[in-house]
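If you're matching them up, the sequences are chains V and E in order. Count along the first sequence starting at 1, add 58, and that's the number in my numbering. Count along the second sequence starting at 1, add 58, and that's the number in my numbering.
Don't take every hint at face value.
No copy labels: a pair is met if it fits in one copy or bridges any two.
[To be verified] Below, simulated DMTMM-like cross-link-like pairs (lysine to aspartate or glutamate); rule was C-alpha separation at most 25 Å, straight line:
| hint | residue 1 | residue 2 |
| --- | --- | --- |
| 1 | Lys169 | Asp236 |
| 2 | Lys93 | Glu133 |
| 3 | Lys80 | Glu182 |
| 4 | Lys254 | Glu182 |
| 5 | Lys143 | Glu114 |
| 6 | Lys93 | Glu194 |
| 7 | Lys169 | Glu194 |
| 8 | Lys143 | Glu268 |
| 9 | Lys245 | Asp116 |
| 10 | Lys143 | Asp116 |
| 11 | Lys245 | Glu181 |
| 12 | Lys254 | Asp266 |
| 13 | Lys169 | Asp215 |
| 14 | Lys251 | Glu182 |
| 15 | Lys143 | Glu194 |
| 16 | Lys93 | Asp116 |
| 17 | Lys254 | Glu114 |
| 18 | Lys93 | Glu114 |
| 19 | Lys80 | Glu133 |
| 20 | Lys143 | Asp236 |
| 21 | Lys245 | Glu262 |
| 22 | Lys143 | Glu133 |
| 23 | Lys245 | Glu85 |
| 24 | Lys251 | Glu114 |
| 25 | Lys251 | Glu95 |
| 26 | Lys143 | Glu262 |
Hints are computed from structural coordinates only; laboratory data are not their basis.
Here are the chains, one letter per residue:
Protein chains: 2
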Amino acid sequence: MRLHGYFRSSASYRVRIALNLKGLGAEHLPHHLRKGEQCAPSYLAINPQGLVPTLENDTGAILTQSLAIIEWLDETHPEPPLLPKDPLRRAKVRAFAMALACDTHPVQNLKVLARLRQLGLPEEQVTGWAAWANREGLAACETLIAEEPGPLCFGADPTIADLCLVPQLANARRFGVDLAAFPRLLKAEAAAKTLKAFADAAPERQSDAE
Amino acid sequence: MRLHGYFRSSASYRVRIALNLKGLGAEHLPHHLRKGEQCAPSYLAINPQGLVPTLENDTGAILTQSLAIIEWLDETHPEPPLLPKDPLRRAKVRAFAMALACDTHPVQNLKVLARLRQLGLPEEQVTGWAAWANREGLAACETLIAEEPGPLCFGADPTIADLCLVPQLANARRFGVDLAAFPRLLKAEAAAKTLKAFADAAPERQSDAE
């Protein structure tokens, strides 16, 4: 398989963790987002949104959208599972993941921040916007798992909730968010980071890291 | 079941369509988003994001995030299915849905537009922002199903792709987006709107419609 990504893209980071947890190797093809490489016609031909990641599977099929890729990995390579078996627990895990993947990350991604700059907002307000989006999403997530014993988001095994949380916390730090208000999220992150699958997927461990 | 929603919320609209397709009745509990009712402490206690929809199922369990709710409905009430059986087709359908539910709708929702106003952007730029987000997402979606014969997004039966598309097109119109560039999406919308499940879920058919 081939994974088109970028070391700092949190959506790519999610898929890297999933591939590692499943023990699946993939060739990593970096696209430098700050240089606009995701807008090259050859890339848009496989991902019309001009976003990373994109996964090419072993038959050459193209998969886009990180959570759709991860659900596909989980359906085609069931062990270890990235979602619980019980439908209600699955819904809770997916809702946590989507609070980050739908309502948080897309509001603070490179494209949105570039648009804010185009509208004339000064850099301080652009960073403030990104920090705000992270705080809002993380605060809701802290509440969503307040009653979950852990140590990970939903129990002892990693789920797609952890796959979304760890990259989002990296973003939040980059935008200067004070994470002290989120002790339960930090507990999950600390537990996740002891796992090799998470450690190996970290941005600073990728070949295109700066 | 009880569905907390708002007539014009496109995420609520998705879940209303899903419930109708599954033939499931639900009590509809409207929360007036423009009056800020989603920020009442009693609502935040069940949905810490302060977003609609929230589904309370028959055992009183709380489900949030429209796509997580819809996946749960599909897992617990499998007929008619809202996702294809083949894993690769499922990934394509989910990716289309998420291009709208992750990268489009959250960038133009009420909360984000309110934040833009707080930053001092004039109303014209705020509407322009919402139109931009819709155009970007819909243009990608048009390409994603360009080779799909239809008439719906992915074949003859409704999937979560259609559940996301129809409400998003309603938003796009509200923000003045010219939809003529998206003939394939309009074809899918026209086919979907002939179905009673979609028609009954339309914003103007809800008890809280203005």
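Taking the hints in turn, this is what the structure says about them:
| no. | hint | verdict |
| --- | --- | --- |
| 1 | Lys169 <-> Asp236 | both (24 Å within a copy, 22 Å between copies) |
| 2 | Lys93 <-> Glu133 | neither (35 Å within a copy, 42 Å between copies) |
| 3 | Lys80 <-> Glu182 | neither (40 Å within a copy, 48 Å between copies) |
| 4 | Lys254 <-> Glu182 | neither (36 Å within a copy, 49 Å between copies) |
| 5 | Lys143 <-> Glu114 | between (27 Å within a copy, 20 Å between copies) |
| 6 | Lys93 <-> Glu194 | between (29 Å within a copy, 20 Å between copies) |
| 7 | Lys169 <-> Glu194 | both (19 Å within a copy, 11 Å between copies) |
| 8 | Lys143 <-> Glu268 | neither (39 Å within a copy, 42 Å between copies) |
| 9 | Lys245 <-> Asp116 | neither (36 Å within a copy, 33 Å between copies) |
| 10 | Lys143 <-> Asp116 | between (27 Å within a copy, 20 Å between copies) |
| 11 | Lys245 <-> Glu181 | neither (32 Å within a copy, 42 Å between copies) |
| 12 | Lys254 <-> Asp266 | within (20 Å within a copy, 51 Å between copies) |
| 13 | Lys169 <-> Asp215 | neither (33 Å within a copy, 34 Å between copies) |
| 14 | Lys251 <-> Glu182 | neither (31 Å within a copy, 45 Å between copies) |
| 15 | Lys143 <-> Glu194 | neither (29 Å within a copy, 36 Å between copies) |
| 16 | Lys93 <-> Asp116 | neither (29 Å within a copy, 51 Å between copies) |
| 17 | Lys254 <-> Glu114 | within (24 Å within a copy, 38 Å between copies) |
| 18 | Lys93 <-> Glu114 | within (23 Å within a copy, 46 Å between copies) |
| 19 | Lys80 <-> Glu133 | both (11 Å within a copy, 23 Å between copies) |
| 20 | Lys143 <-> Asp236 | neither (35 Å within a copy, 44 Å between copies) |
| 21 | Lys245 <-> Glu262 | within (21 Å within a copy, 45 Å between copies) |
| 22 | Lys143 <-> Glu133 | both (12 Å within a copy, 11 Å between copies) |
| 23 | Lys245 <-> Glu85 | neither (32 Å within a copy, 38 Å between copies) |
| 24 | Lys251 <-> Glu114 | neither (27 Å within a copy, 34 Å between copies) |
| 25 | Lys251 <-> Glu95 | neither (30 Å within a copy, 39 Å between copies) |
| 26 | Lys143 <-> Glu262 | neither (33 Å within a copy, 38 Å between copies) |
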